[in-house]
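Chemist: Given chain X, work out where chains U and A should sit, using these hints.
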Amino acid sequence: MTKTILTVDDSRTMRDMLHLALTEAGFRVVQAVDGLDGLEALDAAQADVIITDINMPRLDGFGFIEGVRKNDRHRATPILVLTTESDTTKKQRARDAGATGWIVKPFNPEKLIDAIRRVAA
Amino acid sequence: MDPLAAIKVTFFQECEEQLAELEGGLLAMEGGDHDPEIVNAVFRAVHSIKGGAGAFSLEALVRFSHVFETALDLIRSGDIQADQETLKLLLRSADVLADHVRAARDGGVVDEGRSSAMAEALEALASGMGGGGEADTGDGFDDFVFNPVSIDMSDAPAPADDSVAALLASITGGDAGEAEAPAADGAPGQTWHVRFYPQVGLYQKANEAGLLLRELGRLGDVAVRLDASGLPLLQNMNPEDAYLGWSADLTGPGIEEAAIREVFEWVEGDCYLDIVREGAPPPVAQASGVDAVGEVDVMALIRAAQAAEVPAAAAPAAPVRASAESKAPVEPAKAKEAALDAKAQAAAREASPQTIRVDLERVDRLIDLVGELVINQAMLTQRVAECGLQRASSVAMGLDDLEQLTREIQDSVMAIRAQPVKSVFQRFPRLVREIAAMTGKEVRLIMDGEGTEVDKTVIERLSDPLTHMIRNAIDHGLETPDEREAAGKPREGVVRLAALHRSGRIVIEISDDGRGINRPRVKQIAVDKGLISPEANLSDDEIDNLIFMAGFSTAATVSDISGRGVGMDVVRRSIQSLGGRINISSRPGQGSTFTLSLPLTLAVLDGMVVTVAGQTLVAPLTAIIESLQPKACDVRNLGPNAQVIAIRDTHVPLIDIGRSLGYRTVTPPPTEGVALLVEGEGGSRAALMVDAIQGQRQVVIKSLEANYRPVPGIAAATILGDGRVALILDIDAVMVPKPHEGGGPVAAPANGGLDTVGAPTSLAKVG
Amino acid sequence: MEDIVQRKTGDRIELISFRIGDQEFCVDIMAVREIRGWTPATSLPQAPSFVKGVINLRGAVLPIVDLAARMGMAVTEPSERHVIIVTRICDQQVGLLVDAVCDIITVETGTIQQTPDLACDVVKTFVKGLLAMEGRMISLISLDNVLPTLDLEPTGAETASILAA
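Residue numbers (this note's numbering), protein chains in the order written: chain X, 365 to 485; chain U, 2 to 768; chain A, 1048 to 1212.
Please note that the accuracy of each hint is not assured.
[Claimed, not checked] The calculated lysine to any residue pairs, modelled on SDA-like cross-linking and capped at a C-alpha distance of 20 Å, are:
1. X:454 x U:625
2. U:632 x U:649
3. X:454 x U:71
4. X:434 x U:242
5. X:475 x U:257
6. X:454 x U:80
7. X:475 x U:218
8. X:475 x U:5
9. X:454 x U:78
10. X:454 x U:263
11. X:475 x X:379
12. A:1171 x A:1066
13. X:475 x U:260
14. X:475 x U:733
15. X:454 x U:41
Because the hints were derived from the structure by calculation, they are not lab data.
So here's chain X without its partners, still in its complex pose (with noise of 0.2 Å):
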């Protein structure tokens, strides 16, 4: 069954990569673009997948994080976000408010599909 994957990031550029690189290795993808457009996304997408950027307008990847766990259908959907930060600080923060992975970009499609790969069958 075809896998659906949420993607939310405030860039266009961004998220026409993710479209491209996902929808060749066979994914539906979602957009949104920013965290509150992801969350308002969140029940219609039924996504396998989620792949949140930090920085954004109106509601950050933290912040979207948080919001996506505390709906209960999505308690256990994996969430990747997208960092180009080097700190770990960050990568922290990330999973402190319930991300299951990260992936840095820039990133290469397999380094996207390995990423997803570790969290959805």
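Modeler: Here is chains U and A on its own, set in the frame of chain X:
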């Protein structure tokens, strides 16, 4: 287009938007706005550019944006205060960032010296404030950092059961510190022993032990055993807790410890992880051995599970999972609360207009089709009128409705291509900064009406003339700070750029509070260059407008600032080619204001339809000042070949367009026709003779050059209501006839005194 | 269109033939967009005598070339009986004024003969070859030079203009 190439185009478009956000935010901060959201937006703009640049391996852009981002991060966290000096640095850095973006996009080069200097300044800013971010490797990329995990048993929370503790103790006892050895060499057939005991946090973050173990299996051959000894009795079990652990034996050539750790990198803080390279002695446990209660070959389970398309870790984790899910119905209220929360937030957000992206070609085609519609509707109306139908008949009234509808459609369609002038204006703050720096002047730019909308075709051609005028305003108009102080003005000069709609046109004003036009000097230069006669008596306004004349320049040595002395005449011609007009008004010592008036769109023209020698022509309404019926007493001969007509207190050349365009060789008496007083470049005026005026009409402009070639005296063509092509006059071309080259028939005058019409150039220039 | 004559024997091309005066000509049908009757053209100032003016072709401005005049024959006085062949030359559409359209013919390129040397230069500029068919001689026209290039001097009587370029 290759999808990645398309995304790259999107990236550069997005960069432009981010650069605009960046500059706007920094300007707002400079203006005193302390909203933290603005600082965040500024940071995100640079962060976003860096992210995309990394994806496309745009090295120089990544490097610069990283340094910039680091500084901005410290500002948004409050570690650095953004005072005026700092903001000026940031604004200049934004300019350099823009240069990098454009160089990356267009393949150009960036001023290396300036870029390095800016980067150093940013680094100094960042490091001067107590060190940048932690663990910053300085190149912005996440190198794999080897973090050995040391398992300190004394810190571990009490396990649910003693057997786990015993097991763990046995691990520690047998290791002799090998767990912390650095990455081992990949000896062939090396075996690693991995012990993995997830904590509760691991599951809460949706990590799955089974998937992690599967990942391990990709490194080599692995045998995994479940240790369920930590499971308490069912009645003592907390479904959310973690009781299970696994030990895995991983065998294969070239496996490094770092690779094994990487499998678990996400969950390091949420599990016990122990990785031991096997020494000489045979491995501690064999896959087939069953030493403790509850050991199962988990790997086989996983493979079986995969084959059956069941989530891999379902079997061992099932007891924990199932209970977690059964917990869900117990708390529906909480879920609803969360959902309501999100909705409330959504309602609170401001509605932003929905947009879609459309191919420009499609819009252009739509505008063409609507133009056809307008023509067809006009033709239909005309034919119906010719049939003699009553005005009040249902057909005629239906046609009126159709005309109304067509105009509304046309307005709506034109609005699609309308863009706010902001897209042209937004490059000016930077331009002003640079020119101010180059000329040593202090300048503040005020912009009004950036949201005023103009057709895309007009906007694109506004940029050059506006740039030129702003350069002029700063270079020539504004005094140096010392001069201004001496004159009792503030040291900082003001340049104001405003756009507004006025009576169906767009008006743009560029004003400065500088020294104003130096009228005696301008007049003298015009005399020196032979543009006016020394005795010419000109009003103040007329003197001011002399600067638009060809060949005029106020700089004795050409100033690089104002573009190699290219003068206002070029600007005026550009504006007029857009169907616009430009004026200047000035007050000595106080400043000057340029006013541009432009049509809202280039695709249509307000025209006056006239007949000349049996031909139907259209004259652009914007060029026509008035029309009049010449009286014989007002028409005078001037020299052998020319005629002028007296209009109030001036004389203007009288030109027979029928002759200029070669439609006839004999000029009929002016009293039998109509004269159109027109104004062209340089403010010069002429009276164009036509046979009759048919009316005023908005016409759709059709290119003559698309299928043919440029025709002298003709700007373009249009299609009138009767379906026939009518030519649109190029006013500037027809009103400035060159002196007769000799040759060509000059007809004997049919009635007194009326001869060929040609005027010497100097006459045409009289105001 | 020199290549038409040089294509290997065995290639077939489709041509549309038309009449001007008592002579018959043809052009590659691929260049022809449509055929219309004559409508009065708006004359262009300073135009050469072989440019009759422009007409409205569904919203586009189409120049009309009097092919007879272009080839040095007498200027045509157009009437409703005349025909306009709308052709596409490079990126431009041009209408050719002719007396009547005759036929669509398919020929093998090998049967096209070279234009004889006795033809004057003007003719050689336009006529790329000759076809013999059913006792008729049909001249194959190349359209590339039909419209004047920008530096050609306009011919015709209307040079009386005081308006230099």
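Chemist: Hint by hint, say whether it matches the structure.
Modeler: Hint by hint, here is what the structure shows:
{"no.": "1", "hint": "X:454 x U:625", "result": "68 Å, violated"}
{"no.": "2", "hint": "U:632 x U:649", "result": "12 Å, holds"}
{"no.": "3", "hint": "X:454 x U:71", "result": "14 Å, holds"}
{"no.": "4", "hint": "X:434 x U:242", "result": "18 Å, holds"}
{"no.": "5", "hint": "X:475 x U:257", "result": "19 Å, holds"}
{"no.": "6", "hint": "X:454 x U:80", "result": "17 Å, holds"}
{"no.": "7", "hint": "X:475 x U:218", "result": "17 Å, holds"}
{"no.": "8", "hint": "X:475 x U:5", "result": "17 Å, holds"}
{"no.": "9", "hint": "X:454 x U:78", "result": "13 Å, holds"}
{"no.": "10", "hint": "X:454 x U:263", "result": "18 Å, holds"}
{"no.": "11", "hint": "X:475 x X:379", "result": "16 Å, holds"}
{"no.": "12", "hint": "A:1171 x A:1066", "result": "18 Å, holds"}
{"no.": "13", "hint": "X:475 x U:260", "result": "14 Å, holds"}
{"no.": "14", "hint": "X:475 x U:733", "result": "65 Å, violated"}
{"no.": "15", "hint": "X:454 x U:41", "result": "16 Å, holds"}
In summary, the numbered hints that this structure violates are 1, 14.
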